[in-house]
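*Asks:* All chains, please: the whole structure from these sequences, using the hints.
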Amino acid sequence: MRARVVTAIALALGLVLGAAMLSLPEPSATPVASVLAAVPASGVSHPVTAVLLAFRAYDTLLEMAVVLLAVRIAAPQATGAPPWPGDTDPISAALLRGLVPLIVAVAALLLWIGTRQPGGAFAAGALAAGAGVALRLGGQWTAPLADVRWRALQTFGVAVFLALGSAPLAVGAPWLSAPAPWAGTVLVAIEAALAVSIAAGLVSLFASAPASRAPQ
Amino acid sequence: MTTGLVFALAGALLFALGTARFFGDPHLLRRLLALNVVGSGVFLALVGLSQRGAAHAPDPLAQALVLTGIVVAVSATALGVVLLRRFVEATGRATLDERARRHGGRDARR
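Going line by line, the protein sequences match chains A and B. Take 1 as the starting number for the first sequence in my numbering and just add one per residue. Take 1001 as the starting number for the second sequence in my numbering and just add one per residue.
The set of hints was computed from the structure by calculation and includes no laboratory data. A virtual CB, placed ideally from N, CA and C, is assigned to each residue, including glycine. Hints are not guaranteed to be accurate.
What the hints assert, rightly or not - Computed far set for chain A versus chain B, every beta-carbon distance over 10 Å:
#	residue
1	93
2	105
3	164
4	196
Stated by the list, open to error - Sample of chain B residues at the chain A side, in silico, Cβ under 10 Å:
#	residue
5	1021
6	1048
7	1058
*Replies:* Right under this line is the structure:
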């Protein structure tokens, strides 16, 4: 009964949203054009990367802090046990031996190419995390991810972002701005640090879920 | 009706369906998935509404906002899954207490 009332209210809400969307005025092209005109001055040539790291760098910094927060909250829940009993058979070991270097290479390529084409820190970090998760599932990586070096790896991205973003303050430039001659290099360095942190954080999140005690 | 508007309306539909399940279903994993559906609807609506103009270039600001939103949603879902598994391991139930008790569900305490 309660589910039906809630469904009715939710569908009515959806109808109101749809009506609001249909009644929106025709958008003007000026905001997009002004963003695209400012892209060449930002140090990268892809508009989405420029928006993420140059124009809205504060949003990206807070987003990385949110990921780090989620990782740190989830980390104490880890029991240290692998997701299921690690029986490493030779087929999965051979598959991982071939796949993981390839995945890491593609992740590095995505990171590098993010200045010109879709890619960048998040795609590279998520792909590298996929390689890490594959290693953990295949039983090849059983270390509990609880030591200081691993935690430092997770914090590395936010720390580098803050450091490189606060450096322009010393020369009088605004916070989180990249001065013109070094803009491209600074952004690539920040992206590399973020990718490493994202990969470490996502693997930790995967490893933090306690193992199920009995098969479902 | 441009394709952007079709995507935006689909996003509104996903939002409605996810909200219905989030508030109407007591099972915690289904609520987490419903929250994910709500997030996907919001992202679809955001990108769809930015494509409404006929011959405009794709809006990089909306795409960047959705990318940020996807990363936050993924990490929040991962945290939710970790807490859910810890909850199930600790209590043996997959619903919160008051809802099961009030509606006499399968996991209600007698």
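*Asks:* Any CB of chain A closer than 10 Å to the CB of residue 1021 of chain B?
*Replies:* holds, 8 Å
*Asks:* Taking 10 Å as the cut and beta carbons as the points, is residue 164 of chain A off the interface with chain B?
*Replies:* Correct as stated: the minimum Cβ-Cβ distance to chain B is 19 Å, above 10 Å.
*Asks:* So, residue 1048 of chain B near chain A? Judge it on the closest CB pair being under 10 Å.
*Replies:* Nearest chain A Cβ about 8 Å off; hint holds.
*Asks:* Would you settle whether the hint for residue 1058 of chain B is holds or violated, based on the nearest Cβ-Cβ distance to chain A being less than 10 Å?
*Replies:* Holds, about 8 Å.
*Asks:* Does the claim that residue 105 of chain A lies off the interface hold, with its Cβ farther than 10 Å from every Cβ of chain B?
*Replies:* Since the minimum Cβ distance to chain B is about 23 Å, residue 105 of chain A lies beyond 10 Å and the statement holds.
*Asks:* Against chain B, does residue 196 of chain A keep a CB gap of more than 10 Å to every residue?
*Replies:* Nearest chain B Cβ is 15 Å from residue 196 of chain A, so the label holds.
*Asks:* Over 10 Å to the closest beta carbon of chain B is the bar; see if residue 93 of chain A clears it.
*Replies:* The claim holds: residue 93 of chain A sits with its nearest Cβ about 27 Å from chain B, beyond 10 Å.
In the structure shown, no violation is registered for any of the earlier numbered hints.
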